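Visitor: Sequence:
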Amino acid sequence: MISNVIRTCFPVAALAVADKAEEINKLNVFPVPDGDTGTNMSLTLGTVVREVQDLPQDASMQDIAKAITHGSLMGARGNSGVITSQILRGIAEGLCDVKNPEAVTPKDI
Numbered sequence: 001m002i003s004n005v006i007r008t009c010f011p012v013a014a015l016a017v018a019d020k021a022e023e024i025n026k027l028n029v030f031p032v033p034d035g036d037t038g039t040n041m042s043l044t045l046g047t048v049v050r051e052v053q054d055l056p057q058d059a060s061m062q063d064i065a066k067a068i069t070h071g072s073l074m075g076a077r078g079n080s081g082v083i084t085s086q087i088l089r090g091i092a093e094g095l096c097d098v099k100n101p102e103a104v105t106p107k108d109i
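Every letter in the sequence shown is one number past the one before it in UniProt numbering, and letter 69, counting from 1, is 69.
No lab work stands behind these hints: they were computed from the structure. None of the values given here were measured: they were computed from a predicted structure. One should not assume that every hint holds.
[What the hints assert, rightly or not] Straight-line alpha carbon distances no greater than 25 Å define the calculated SDA-like cross-link-like pairs of lysine to any residue that follow: (1) LYS66 / ASP34; (2) LYS26 / ASP97; (3) LYS20 / ASP97; (4) LYS26 / ASN4; (5) LYS99 / GLY78; (6) LYS99 / VAL82.
[Claimed, not checked] Quick list of the computed label-pair ranges, beta carbon to beta carbon: (7) PRO33 / VAL98: 39 to 47 Å; (8) ASP34 / LYS99: 28 to 36 Å; (9) LYS99 / LYS26: 18 to 26 Å; (10) VAL82 / ALA16: 35 to 43 Å; (11) PHE30 / ASP54: 14 to 22 Å; (12) ASP58 / VAL98: 17 to 25 Å; (13) GLN53 / ASP97: 22 to 30 Å; (14) GLN57 / GLY35: 33 to 41 Å; (15) PHE30 / ASP63: 33 to 41 Å; (16) VAL12 / GLY94: 13 to 21 Å; (17) LYS20 / ASP58: 29 to 37 Å.
Quick reminder that beta carbons are idealized off the backbone N, C-alpha and C, glycines included.
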């Protein structure tokens, strides 16, 4: 089920970004070299993980998509967090538009 894949993907993605946060921070030179892009993306994804984990196991794809959208927007930190939240919002909206969400594969995402 794609909902289980989604539930698994976000913690893995959050850990991957957290693991590379310092490396990503060093790439942060424009428009302001404040070196917090990786940190902000990691914090944003962490909020998404908590929102999705708080849902019941039988949550619908629409509920998961809402949690992704809400978590990423409310947890967005800095410009990179806001940009990350907008990307996740687009993915979540796309999942809600699918007629049979359980037929979606990770490749479709």
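Visitor: All hints, please: hold or fail.
Guide: How the hints compare with the structure:
no.	hint	in the structure
1	LYS66 / ASP34	violated, 31 Å
2	LYS26 / ASP97	violated, 37 Å
3	LYS20 / ASP97	violated, 32 Å
4	LYS26 / ASN4	violated, 34 Å
5	LYS99 / GLY78	violated, 34 Å
6	LYS99 / VAL82	violated, 28 Å
7	PRO33 / VAL98: 39 to 47 Å	holds, 40 Å
8	ASP34 / LYS99: 28 to 36 Å	violated, 44 Å
9	LYS99 / LYS26: 18 to 26 Å	violated, 43 Å
10	VAL82 / ALA16: 35 to 43 Å	violated, 20 Å
11	PHE30 / ASP54: 14 to 22 Å	violated, 36 Å
12	ASP58 / VAL98: 17 to 25 Å	holds, 18 Å
13	GLN53 / ASP97: 22 to 30 Å	holds, 24 Å
14	GLN57 / GLY35: 33 to 41 Å	holds, 39 Å
15	PHE30 / ASP63: 33 to 41 Å	holds, 37 Å
16	VAL12 / GLY94: 13 to 21 Å	holds, 20 Å
17	LYS20 / ASP58: 29 to 37 Å	holds, 33 Å
Comparing the model with each numbered hint stated earlier shows that hints 1, 2, 3, 4, 5, 6, 8, 9, 10, 11 do not hold.
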